[in-house]
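Q: This is what each chain is made of:
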Amino acid sequence: MSGAETQPQHAAATATAVKLVDCDVHAQPTEPMLAEYMSAGARRRLERYGHRTPRVTDWYPRARNAGMRVDAWPGKPGHIWGSDPETTRAQLLDEFGVDYAMLEVLSGADCYDDPDLAVDWNQAMNHWQVDKWLDFDPRFRGSIAVPHEYPDLAVAEIERHAADSRFLAVLMPASAIEMLGSLKYWPIYEAAAAHGRPVAFHTGGYMDHRGAGYPSFYLEYHVANGINMQAQLTSMVGGGMFDAIPGLRVVLVECGLAWAAALRWSLDAAWELMREDLSRLKRRPSEYVRDQVWFTTQPIEEPQEPRHLLHAIAQAQLEDRLLFATDYPHWDFDSPTQALPRAMPAELRRAILAENALELYGLPAERTATA
Amino acid sequence: MPAIDCDVHCAPASFEALFPYLSDYWRQYITEGGVRLGGVAFAYPPLAPTTAVPAAREQAAREQAAPPTPESYDQLKESVLDRADPRAVVLNCLTGFETHRNAYYSAAVASAVNDWLREEFLARDDRLRASLVVSTISTEDAVAEIERVGGEPGFVQVLLPVRSDVPWGNKRNHPIFAAACAHSLHVGLHAWGRAGRAPTPSGFTSTYLEDYLGNQPIAQAQVLSFVSEGVFDRFPDLKVLLMECGFAWLPPLLWRFDKDWRGVWREVPWVKGLPSEYVAEHFRFTTAPAHLPRDRAAIGQLLEMLDAGGLLAYASDYPHNHGDGLTVLLDQLDEDARAAVMGGNAAALYGLP
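Each protein sequence line maps, in turn, to chains A and B. Going by our numbering, the first residue of the first sequence is number 1, and it counts up by one from there. Going by our numbering, the first residue of the second sequence is number 1, and it counts up by one from there.
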């Protein structure tokens, strides 16, 4: 990949229209990098005893290149894929002209940790994010990592960063100890809404595959990211959080989007039969999905007939709810120039590539480019 | 032409009906332990709207709360055979979809249910077929039961619950498919089962509705498992009928499955072609529940993406109730596709006239 030579030339500051917002970019600290930001006690516990749950890559290894783009290793001592902002700037921001890149620092391994360790771990991720990324290039935007199994402590972490407008969202995993619609997590959602931040549920987290049992392969695990999110969205709608927290906006990240229509049909059909079972709902289930749920695009479904994807988008009324994402630096990176089907109308393409994200995250539609 | 109904429920009302087929040991275990057949109440709470279509509920009321699920041939005749006059009916008894963890008990109950199905139903009407019930806990016992009754003409498939300890495609279950194929049986994978296991990656749901809809994501995981584990390469004659788990979710699932397989096929080199091609050849789906859009244009689009005429098989799912989605779908199918859905696909699957 091209590096420094593709960086913009130094020029007078000019305002340019934002054309591309990438809503799922992975910044990945190594443990030694995080350790710098942790208390001595937490660092020692982590070094000596580790986390209580395995990482997903231990369950389902990715058959080649650990599931990353081959070129994503920076070749700098101590660095891995996604750990070096300069590499990400060159390979993503500069190469594709990304105006804003939203970082999602994944923390799935921490859900069963004790509260003190979980707080320390998430604080470290946020400080590292500010220090190494948000301060490094104004195109990087953050999401607040929180110790989600301890909602009061998660709220405190949200409040610690709420004044920093570079943090665009609160980050949650797509699987937790309880269903994501559970009352347990509502304080997090209330705090996010109160501070004007959407909650981004990123695929993964601690996945207990209990419905059908544990799959054998990464292939199944990866396809099931969309399937599991269907169960979680059902829980979110069914539990009434959208009704109780009207300002809540939810982004479902890296779980696909084409299934949304079928789930809406099922939710509505079941609700028609047994409304009283969802006693907290005041409207049709699909209306909450329509009004309060956004989806990132990567990994975008690719039907053999591209117009079928357009049908799926229209059926679920997703035209103003889709946010473009590359998922850099993962193997299934969606290129901004190729991922959306050619059959997609230009207006919809513009909405997905930038406008929907600008509106959701309240980002300025023009950016002053001062390289 | 009369329909073939691929999913009609029957169940013994109590263990008394199964006692003739159980040993002294199990009769005593059941009696002294106070073990009751709960009618899989977690899946079909007696008063839930999904548990009985209005006609079944009215009949139950008239007969002063007789259970809506037919427990005898006479009840089945009155409520299904005489009313709908089907060409054939496949009976599914979910009695074995219980919570217990005792593999010995599971095997004994499965054998008793199969004997009961034969004596109470199959022997009395040549329009009737049944799913062969097996232990859902022990592969060894499931195989033994298939060996015991799989050769009898009334049994057309092995019944497995969609909720499982490990996905059904897993290697450890392959002896079940080998035994099924040896007796020219298919697999019927039915909603619910294993009530003691949480249905989602994050535990139990807090409402029945969420649990009910939970069958659909779980069914999708089973589709992935059968294809990814190479079951259809090892057992090319095997077909799987997915019952009571919906089908509108299938096209987007396959778009993603095909795409991911293209990316990581090295992990599963025994999968020789597109997952969607395996599904088209080996999976069929019953029509209940048909959770569909209300908008005709959207149904038209769905039918463009989903080969309804090739994949769907009619099921009344009596006495269960999922709303009237099927009517809406059938209205928009052409004559050939409708005939395939209402009987042709099932006839081909089970070798019925």
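Just so you know, these hints were derived from the structure itself, not from any lab. Incorrect hints may appear among the rest.
As the list claims (entries may be wrong) - These stretches of chain B come out as covered by chain A in the derived footprint (C-beta under 8 Å, 3 or more residues):
id	segment
1	71-80
2	100-111
3	177-185
4	193-201
5	225-234
Note that CB positions come from ideal geometry on N, CA and C, so glycine has one too.
Q: Each of the hints needs a verdict: does it hold here or not?
A: Hint check:
1. 71-80: Since three or more residues must qualify, the claim that chain A covers the segment 71-80 of chain B is violated, with 0 doing so at under 8 Å.
2. 100-111: violated (count 0)
3. 177-185: violated (count 0)
4. 193-201: holds (count 5)
5. 225-234: n = 3 at 8 Å, threshold three: holds.
The structure fails to meet hints 1, 2 and 3 from the earlier list, while all remaining hints are met.
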